[in-house]
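The two chains are supplied separately, each in an independent frame; assemble them into the complex guided by the hints.
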Amino acid sequence: MNKKISWIFYVLLLITAVLGAATLSLSIGEIRIPLADIPRLLADKESMEFGVLTYIRIPRTLLGFAIGGSLSLAGAILQGIYRNPLVEPYTLGISGGASLGVTFAIVVGLHLLNILFLPLAGFIGAFVTIFFVYTLSIRKGALSVNRMLLIGVMVSFISSSMMMFLMSITAVENIHGIVFWIMGSLNESNTAMIRGMVSLSIVCLIIAYIFVMPLNALRLGEEKARHLGINSDISIRILFVITSLLTGACIAVAGIIGFVGLVVPHIVRLWVGSDYRIMLIASFLSGGTFLIVCDVLARTVISPNELPIGVITGIVGGIAFIILLSRSQKQSKLLKG
Amino acid sequence: MSALLAINNISCGYGNGFHIKDISFSLPEGSFAGIIGPNGSGKTTLFKGISGDLSLNSGSIIFDGKDLSSFSLREKAQQLSIVSQFIETPSITVEEYVMMGRMPYRKPFQFFDKTEDIAVAHHYMHLTNTFRLRNKLMTELSGGEQQMAGIASALCQKPRLLLLDEPTSHLDITHQMKFMNLIQKLNDELRLSVIMIVHDLTLAAEYCDYLVMMKDGRVFCKGTPEEVLTYEKIEKVYDTVVVVKINPVSGKPVVFPVSERRLRTFNQKNIK
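Protein chains in written order, with my numbering: chain A, 73 to 409; chain B, 169 to 440.
No lab work stands behind these hints, which were simulated from the structure alone. A hint or two may mislead.
[To be verified] What the simulated footprint calls covered on chain B by chain A, stretch by stretch (three residues with Cβ under 8 Å from a Cβ of chain A suffice, anywhere in the stretch; the number is not a length):
id : region
1  : 240-247
2  : 263-275
[To be verified] Subject to a maximum C-alpha distance of 16 Å in a straight line, what follows is the list of computed EDC-like cross-link-like pairs (lysine to aspartate or glutamate):
id : chain 1 : residue 1 : chain 2 : residue 2
3  : A       : K75       : B       : D281
4  : B       : K216      : A       : E295
5  : B       : K420      : B       : E394
6  : A       : K76       : B       : E263
7  : A       : K76       : B       : D281
8  : B       : K383      : B       : E357
9  : B       : K326      : B       : E284
10 : B       : K404      : B       : E374
11 : B       : K413      : B       : E400
12 : A       : K75       : B       : E263
13 : B       : K420      : B       : E374
[Claimed, not checked] If you want the footprint, here are the derived chain A segments under chain B, 3+ residues with CB under 8 Å:
id : region
14 : 293-302
15 : 340-349
Yeah, the Cβ is synthetic: ideal placement off N, Cα and C, and Gly gets one too.
For reference, chain B alone in the conformation it holds in the complex (with noise of 0.2 Å):
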């Protein structure tokens, strides 16, 4: 099976700055990845390098048998969307912010919307439950609502492949659940690829079918989430105690935090 997107040897990175090393991992088409790892580890340099906002230094990322350098920003955008952390908000309404994801299918001087773009808007507000705002302002949402309206534009763009830097990360567990399971039914029915950074190790277990572990700009290991997240792994990688058990119902790994003082009356009571 070839795979969608192939990441070869890639290093890239800021100047004299942080850079990123040898990475390679490759993806079929469909697939959910998560990209884990500890703050300052290259995760969202790792999407810059796939996005096209750093060049590479080495390496090349191949895209559906095509290196994805060669492709222009308009194809590039049609192919790949990316939603961030923060959704920079304008002063626009949802409505005109969704349909801003219908750029890349514009012809040039067309300075009017056609009835198939609104009607693709309308679909994924519909979607993403954001049709009920559209009139709003962006600047009037909720952070989850936010999500969901960037989710909705980034969808317009029709994309094979979604980049998601830590969407939910600063959303409560109802949000976070919502997105995350939307996200989920994009990947199953659509068969839309998903690349996700994500700090929650459980969470990503329970989405993704492929982990990527990052650490100091490499990757540390990658496979399918029990493959990855083992407590030595993710001891090493993190630098904290951790315990790892099975949820009894999904059947994937769960990752607990363990506190110092805990982990010294543990221990006391075990010796004795």
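The shape of chain A in the complex, shown without the other chains (with noise of 0.2 Å):
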């Protein structure tokens, strides 16, 4: 029983990180609000900072929070289906794919008409990837999963190819825009779209959780599951259909955040085990307080100007997923997933 004392341990302590996280992005910016003014703040509409808080600052902490735990999420299940530890949303050409939608809309001119067209265009390249190399991976009905390893390494190689010889033929104050948007940054006005994303991402934690033992199973391999009475092939497709929405509006909304869905749950899954039961929550809860943190370092470490956010989550993710692998005593359980 003692397992369920820690594993709620775990979760409390994650839920006060995240309001630890958040409270720091609400209160350091250009103007600085003290934690203690904040409910004042919220009360006084007619003041600058509410103005601040309620438009700029409480959207964004919103969307790093749904967005950093919408990808570990997805991470988490993709390591589980596919039991290698470097898969993560991007390794799947999920990422190309997207790219390559943004960057043909603005090469076109669509951004020009509307500027929802761009994040649209990104969703509907992520989901043409997704059905490539999902129809590509079936061979005689089944899903082979190494295959669509190898496959969505090739579509991610052919579309940045594909990208690169857009960007050379497009004028170019449109490659400006292109980087930029590959770069990624939280900095969405549109509540519309975050409102989407927040629950976007807690719907698909739900039921992602229905199939927490699917999952547990499937670290003994499909077959092994399948022994255990668990439909493999069901789970696996549900699965990363849902992967593949949470990444594809991951990707439409804030561009490409890189890191986060491959290091996350590996630091998660070194600190409270394989069990998806507690793996799941756990690193949805990590992941958005990652980015929550890394989106207050883009905006503060050269201010007033803003890094983008793929340059710290690449940055620090990757420091420290060297300096996990580098710890011998723990590199086998850490590859072994």
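Right, here's the structure in full:
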């Protein structure tokens, strides 16, 4: 029974971390807003701080939480399905497809018609890629996991070459837009999109949780899971759709934010163990916390300018990963997934 | 007496590759059967046909009077469990691993473990002497210990039929005997039916009460160990010279291999 107690402890600790990061994110910025003043300022609709909080910082913090949580949840699920520690939403070619979609939209000039065409193009790009990778990986009616991974990597290469091709034939001002979008940002002013992202991340967490026991059984391999009465095929397919939805939405809203889906689930697994009943929640909450903190860094390091958040997640995540890998005692555990 | 498992003329295999053809045999509840035959004779393919990993091209498998293909995966997992030669070892504790065997009895949306499930797991861990290892990781165990944990997990499924794919072939004789004696005890006490793929013919004769000998994807012969393990049949199927004697204690056949050089010396001596 002490397993239950430690799980409750992990969740409470992580909720505290989320709240701490959120507070930090609300109070730090060009205008410093002390924590104690936040309730009073929120009541005073006339103050400038009220505007800053409700229109900029609260949406941004919520978005950071939802995107960090989603990417990390997607990574945790994918690593479980593939039983491969190097899989993350982006290894499957999803980000490549999304970037290609956005690049195409910018080159053609769709963004000049309506700015919402950009996320839409990203979303479509992501889904076309997933469709390709998925259908090409089905052989004799069964989904081959290794094949899917290889095709995903190849699709990534192809999309990045096509993106370079498009960039080489387009006008210089377009290149700036493309690069900026690829670097990723939580700077999103459309409230409907933020609301959609937050709801989607929570709905997907709940659906993924329904498949928590199949995920646990899949740790023993697809065949063994089937012998334990789990329909591995259907579980994998549904989980795959969930991760695609999460990743596609994240890329559409915030551009490409790498490493969250790879590093966070890993560190979480080392910490709480590989039981998905705690792993999924812990990954979601940790990913949210991680991205909120990274966003605070991105906003403050070279303030008043802002760094692309992908820079921060890449550097912080990459270094953390290398440190983990070089700790030999835990290495075997890490690689075994 | 109606059979627990009746295999009627099944054929199955891999696409255009290897196939097993027209396999038939039936086993009453409580039997201890061995599948023997050289490498590549189709023993594991037969297991995959029974477990449902390969779909049958023809024939049927009747389990306790019902067609096995009409069982859901979950129903099947409550009747039949499989222990393979090598156990996939994720980095989870032995207790977690054994508990996975209760999976077919979980209700949907049952996220926490029931006390009953934990009690069942602990019971079989005591029986297989793995309870002392419960907090160790599966990856830290020796091969013999992993096999024992595998059996404990399989027993948690409360199966009526246990399929063992060469469970002891990489174990030393101590662990081999411990493992086989445990299976025998389960067979006696719980009337658990067992089908085991086994390479060691002497071990097969000693423990099994029924043997199916396979060659090139077909059943070559079947029956009691005394009927199947004659030197003529073994030499035909395995293409090698052996001597078969009777174990003075158990009265079961013992198969001795004979090396080429010793055979030559023996022949020369006897000709003179």
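Hint by hint, here is what the structure shows:
With 7 residues carrying a beta carbon less than 8 Å from a beta carbon of chain A, the region 240-247 of chain B meets the three-residue requirement, and the given coverage holds. For a cut-off of 8 Å, the count of residues in the region 263-275 of chain B with a CB near a CB of chain A stands at 7, and the three-residue condition holds. Simply put, A:K75 and B:D281 have alpha-carbon atoms about 10 Å apart, close enough for the 16 Å limit, and the pair holds. Distance check on the hinted pair: B:K216 and A:E295 sit about 10 Å apart at the alpha-carbon level, within 16 Å; holds.
Distance check on the hinted pair: B:K420 and B:E394 sit about 7 Å apart at the alpha-carbon level, within 16 Å; holds. For the given pair, A:K76 sits about 15 Å from B:E263 by alpha-carbon distance, which is consistent with the 16 Å threshold. For the given pair, A:K76 sits about 10 Å from B:D281 by alpha-carbon distance, which is consistent with the 16 Å threshold. Between B:K383 and B:E357, the direct Cα distance comes to roughly 33 Å. Violation of the 16 Å bound is thereby established for this hinted pair.
Annotation: proposed proximity of B:K326 to B:E284 holds, straight-line Cα distance about 13 Å (limit 16 Å). Simply put, B:K404 and B:E374 have alpha-carbon atoms about 21 Å apart, too far for the 16 Å limit, and the pair is violated. A C-alpha spacing of about 13 Å is found between B:K413 and B:E400, which places the hinted pair at or below 16 Å, so the restraint holds. Annotation: proposed proximity of A:K75 to B:E263 holds, straight-line Cα distance about 12 Å (limit 16 Å).
A threshold of 16 Å between alpha carbons decides the hint, and for B:K420 with B:E374 the separation of about 6 Å falls inside it, so the pair holds. Here the region 293-302 of chain A counts 8 residues with a CB under 8 Å from a CB of chain B, which clears the bar of 3, and the coverage holds. Look at the region 340-349 of chain A against chain B: 4 of its residues bring a Cβ nearer than 8 Å to a Cβ of that chain, three or more, so the hint holds.
The earlier numbered hints that this structure contradicts are 8 and 10.
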